[in-house]
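Colleague: Next come the chains, spelled out residue by residue.
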Amino acid sequence: MSTSTSGTVEKFSYDNNIVRLFANATILWGAVGMLVGLLVALQMIFPVLNMNLEYTSFGRIRPLHTNAVIFAFVGNGIFAGVYYSLQRLLKTRMWSDLLSRINFWGWQLIIVSAAITLPLGYTTSKEYAELEWPIDIAIALIWVVFGWNLFATILKRRERHLYVAIWFYIATFVTVAVLHIVNSFELPVSMFKSYSWYAGVQDALVQWWYGHNAVAFFLTTPYLGLMYYFIPKAANRPVFSYRLSIIHFWALIFLYIWAGPHHLLYTALPDWAQSLGVVFSVMLIAPSWGGMINGLLTLRGAWDKVRDSVVLKFMVVAVTAYGMSTFEGPMLSLKSVNAIAHFTDWIIAHVHVGALGWNGFLTFGMLYYLFPKLYRTQIFSTKLANFHFWIGTLGILFYAIPLYWAGFTQSQMWNDFDSNGFLEYPNFLYTVTNILPMYAYRAIGGSLYYIGVIVMVYNLIMTARVGSFQKEEAAEAPALAKANPGLAPGEHWHRWIERRPVQMLVWALVMILIGGIIEMVPTFLVKSNVPTIATVKPYTPLELQGRDIYIKEGCNACHTQMVRPFRSETERYGEYSKAGEFVYDHPFLWGSKRTGPDLAREGSSKLRKPNSWHFEHMYDPRSVSDGSIMPAYPWLLEKELDTSTTAAKINAMITLGVPYEEGYAAIANRDLVKQANEIADEMRAQLEEEGFEVSADREIIALIAYLQRLGTDIEKTNETAEKQ
Amino acid sequence: MGVLIILILVSLAVALAFLFAFIWSVKSGQYEDDYTPSVRMLFDDEQDKSTNTDNQS
Chain Y
-11 MSTSTSGTVE KFSYDNNIVR LFANATILWG AVGMLVGLLV ALQMIFPVLN MNLEYTSFGR
49 IRPLHTNAVI FAFVGNGIFA GVYYSLQRLL KTRMWSDLLS RINFWGWQLI IVSAAITLPL
109 GYTTSKEYAE LEWPIDIAIA LIWVVFGWNL FATILKRRER HLYVAIWFYI ATFVTVAVLH
169 IVNSFELPVS MFKSYSWYAG VQDALVQWWY GHNAVAFFLT TPYLGLMYYF IPKAANRPVF
229 SYRLSIIHFW ALIFLYIWAG PHHLLYTALP DWAQSLGVVF SVMLIAPSWG GMINGLLTLR
289 GAWDKVRDSV VLKFMVVAVT AYGMSTFEGP MLSLKSVNAI AHFTDWIIAH VHVGALGWNG
349 FLTFGMLYYL FPKLYRTQIF STKLANFHFW IGTLGILFYA IPLYWAGFTQ SQMWNDFDSN
409 GFLEYPNFLY TVTNILPMYA YRAIGGSLYY IGVIVMVYNL IMTARVGSFQ KEEAAEAPAL
469 AKANPGLAPG EHWHRWIERR PVQMLVWALV MILIGGIIEM VPTFLVKSNV PTIATVKPYT
529 PLELQGRDIY IKEGCNACHT QMVRPFRSET ERYGEYSKAG EFVYDHPFLW GSKRTGPDLA
589 REGSSKLRKP NSWHFEHMYD PRSVSDGSIM PAYPWLLEKE LDTSTTAAKI NAMITLGVPY
649 EEGYAAIANR DLVKQANEIA DEMRAQLEEE GFEVSADREI IALIAYLQRL GTDIEKTNET
709 AEKQ
Chain R
34 MGVLIILILV SLAVALAFLF AFIWSVKSGQ YEDDYTPSVR MLFDDEQDKS TNTDNQS
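Sequence order for the protein chains is Y and R. -11 is the number of the first residue of the first sequence in our numbering; add one for each residue after it. 34 is the number of the first residue of the second sequence in our numbering; add one for each residue after it.
One thing to keep in mind: the hints can contain errors.
So the derived list for chain Y, only partly shown, Cβ under 7 Å to chain R, looks like this [stated by the list, open to error]:
| no. | residue |
| --- | --- |
| 1 | Pro226 |
| 2 | Tyr392 |
| 3 | Phe396 |
Derived Cβ-Cβ restraints for the label pairs, each shown as a range [claimed, not checked]:
| no. | chain 1 | residue 1 | chain 2 | residue 2 | range |
| --- | --- | --- | --- | --- | --- |
| 4 | R | Leu75 | Y | Ala140 | 22 to 28 Å |
| 5 | Y | Val132 | R | Val72 | 57 to 63 Å |
| 6 | R | Val72 | Y | Phe0 | 20 to 26 Å |
| 7 | R | Leu75 | Y | Ile432 | 40 to 46 Å |
| 8 | R | Leu75 | Y | Thr365 | 48 to 54 Å |
| 9 | Y | Thr370 | R | Leu75 | 32 to 38 Å |
| 10 | Y | Val132 | R | Tyr68 | 20 to 26 Å |
| 11 | R | Tyr68 | Y | Ser178 | 53 to 59 Å |
| 12 | R | Tyr68 | Y | Tyr446 | 39 to 45 Å |
| 13 | Y | Leu26 | R | Leu75 | 18 to 24 Å |
| 14 | Y | Ile169 | R | Tyr68 | 55 to 61 Å |
| 15 | Y | Leu16 | R | Tyr68 | 22 to 28 Å |
The set of hints was computed from the structure by calculation and includes no laboratory data. The C-beta atom is built at its ideal place from N, Cα and C for all residues, glycine as well.
My request is simple: use the sequences and hints to build the entire structure.
Modeller: In C-alpha cells:
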C-alpha cells in the first residue's frame, strides 16, 4: 500500500479541557436524571409522591427523566467520548476551540431549559421530542455546531484513514439532524405552544420513525463508535475483525432507519408499513449481533485482562446488554410477541436493559478510562469501582426481571377470558394493583444502580483530586500529503471513500433518507391510507383546550388512545381504533404505555361516566377508584382556563387543514363558554352537595369536555348505520 | 412539493445503486485486507513520542 504521509512532523496538542467539561456534565446530569427516574418509579407505587403539585406530577416528570438521561447523560457522554477519541484517531486538535465551547455551553443551556420547561408543562407530547419549538431550534443550531466542528476536524486530519468509530459519529450527526428536523415540524401558537404539522396516523408514523431512530442513532451508533474505540484501547488489542466492523456499520445504518413502524403494530397504521417495519427489525439482528460479537471477541484470549480491568468489566457487560436488547428488539417486533408486550412494562424493562446496561455501563467504563488519563493518575479506588460494577449489575437485574414479570403478568390479565366468554379481569385497576410489588422491586433495583453511580461520582472526584489535570496533551504527527485521488493498485474502493468524509456524509445521508422517505411519503400522498369517516368532526374549542391540558399534564404518559383489534381490547374498550378517527389530531396522542386504561373510547356509550365522576376522579382518583395509582390533579379545579389562546389555536388548526369555518376563531370562545356552562350546570348540584365548588371557567371543565368527546364520533356512524 | 418527490426518487435510485455496489463488494471479498487501521489506532497516544510514527502501513 502506498504511504500517505509526507516527512514533516508537526507538533500540536489535544484539547483535553473540552473532554473534561463534557465528562463532568455527563456525571452531573446522569446523577440528576437517574434520581428523577427513581422518583417516578416510586410515584408508581406511592402516588402521594406526586406531592399534589403540578410541577412534580408523574406526567410532567417522566419526560424530564427520559430527556435528562437520554440527552443530558448520554448526550454529554457522546460528546465527551467523541471529542476525546476523534482528536486522537485523526491526530489533530479539534478544528475550533470556540465551536467546542459553543457546543458545550449551548448543550447545557438546552438541558437547563428542558429542566425548567418540562415541569412547567410546556411539552409537545411527542416522546423524546417533548421540548417546545424554541428549544427545538436551539437543539438544531447546537447540533450543527457540533457537526461543523466534527467535519472541519476530519478535513484537517493527519491520518488519512477514517477509523470505523468516526463513521459511526458521522452517521450519528447526520441522522440525528435529519430526524430532529423532520419530526419537529410544528406550527407555533405562542412562545411555548405549538401543534405538530402532521396529524393522527401520519404524526404517529413520523414520531416513531423519529423515536425508534433516536434509539438507533443517539443511543446506539455513537456508542458503537465509542465501543470500537474504547474497548480496543482499554484492552490494548485491535478489534476482533475490522472488516466486520465496516460491514456492521453499513448494514446497521441502512437497516435501522426502516424499523420505526414496529412501534405501531396493530395500530391504525397501514398494514404494509407495519410489515415493512417488522421485516427490517428482524433483519437488524444480524448487524447488531455482528457488532456485539466483534466487541466481545476483541477480548478473546485476553479474558484475564477483564478480571483486572474495571473498565473492561463495565464494557463487557455493556456489550452483552447491547446483544440482549438487540435480540429482544427484533423479537418484540414479531407481531405475536408484540401483541403481548406492547403497552406493558415489558417494554420498559427492554428499554432499561439497553439504557442501564448498554449506555450506562459503557459510559461508566469510559469515565473510568478517561479520568485517570485526563488526570494522569490511577483510578482513586479500584475497590470502589469494582463495588460500583457489582452493585450496578445487580441493579440492572433487579430492575429488569421484575418488570418483565410485571409486563407479562399484566398482559395475561388483560387478555384473560372466563369460561363464559367474559373478561376475567374487567376492572383494569385490578391488573395494576396486582403488579405493584413488581414496581417495588424495580425501585429497589433502580436504587442499587443509583448507589453505584454515587460511589462512582465520589471515586472520580477523588481521582481528580489526587491527579493533576493535563489541559493540553502534546502530540506530534506527520502532516498528510495531498490526497491521492485515484486508487493504488490492489486497493479497493472502500478505501477511496474513507478518504473522503464529505462524500461519505452525502452517501450516509442518502442512505438514511431512503428508509425514512419510502415509509413516509406514500402515507402523505396516498389518501386511501387514511380513510375519512364522515362523522369525525374537529374538536369544539373547549375540547381543544381540554386536549391541550391533557397534553400539558402528560396524561399520555400513562394512558393510550389506541384500541387494538383484539377481542380482549374490543370487549374492554369498544370498537378498535380507525385511522380516520385521528385526522384532526395535532399531535396524535396514542401513547405507548398503558399504566391506566385506554381512553380512546372514554366518552363512548360503553365507557361513558358522568361528568361529576371525572371531576371527583381528577380531584382525587382514590376517592372513586380505590387503590388507584393515578396522580391527583387538584389544581385543575382551581386554575382558570386561559381562553385568550383559543383564537390563535383555532387559526393554527385551520392552517394545518382542520376544517373549522372561515372566521370561526373570532367567535370560538362564545361556543367555548356555552359548552363549559352546560357541563358545569349539569354536575353542579351533585358536586356542591359533596362540598365542591363548581365554576365553568376552570381547566377541569375543558378536560372533562375532551374526555367525554373521546370515541363518540365513530358511534354516530354506527347510529346512522342502524337507522338506515 | 412535486419537486421534492422527484428529488427524493432520484436520491433513492442513486442510493440503491450504491447499496447494490456495496453488497456486491462485500460478497466479492473487497474488505479482506482491512486490518491495519485496527492496529494503528492503538498506537496514537501516551506513547513515547519517538515511536509515534507508525503511520505508514
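Colleague: Decide, hint by hint, whether the structure agrees.
Modeller: Verification of the supplied hints:
A distance limit of 7 Å between C-beta atoms decides the matter here; for Y/Pro226 the minimum to chain R is near 4 Å, and the interface restraint holds. Given the 7 Å rule on beta carbons, the hint for Y/Tyr392 is violated: about 37 Å separates it from the nearest Cβ of chain R. For Y/Phe396, the suggested interface contact is broken, since its CB lies about 39 Å from the closest CB of chain R, more than 7 Å. R/Leu75 and Y/Ala140 have their C-beta atoms about 26 Å apart, which keeps the hinted 22 to 28 Å range intact.
Range check, Y/Val132 to R/Val72: about 35 Å between beta-carbon atoms, so the 57 to 63 Å window is missed. As the Cβ distance of R/Val72 to Y/Phe0 is approximately 23 Å, the hint placing it in 20 to 26 Å holds. In this structure the supplied range 40 to 46 Å holds for R/Leu75 paired with Y/Ile432, their Cβ-Cβ distance being about 41 Å. One distance hint, 48 to 54 Å for the beta-carbon pair R/Leu75 and Y/Thr365, is violated here, with the actual separation near 22 Å.
Judged by the Cβ atoms, the range 32 to 38 Å given for Y/Thr370 and R/Leu75 is violated: they are separated by roughly 23 Å. Range check, Y/Val132 to R/Tyr68: about 35 Å between beta-carbon atoms, so the 20 to 26 Å window is missed. Evaluation of the 53 to 59 Å hint for R/Tyr68 and Y/Ser178 yields a pass: the beta carbon distance comes to about 58 Å. In this structure the hint that R/Tyr68 and Y/Tyr446 lie 39 to 45 Å apart at CB holds, the actual value being about 42 Å.
Taking 18 to 24 Å as the suggested C-beta distance range, the pair Y/Leu26 and R/Leu75 does not conform, at roughly 39 Å. Remark: the range hint 55 to 61 Å for Y/Ile169 to R/Tyr68 is contradicted by a beta-carbon distance near 38 Å. Range check, Y/Leu16 to R/Tyr68: Cβ separation about 40 Å, and the 22 to 28 Å hint is violated.
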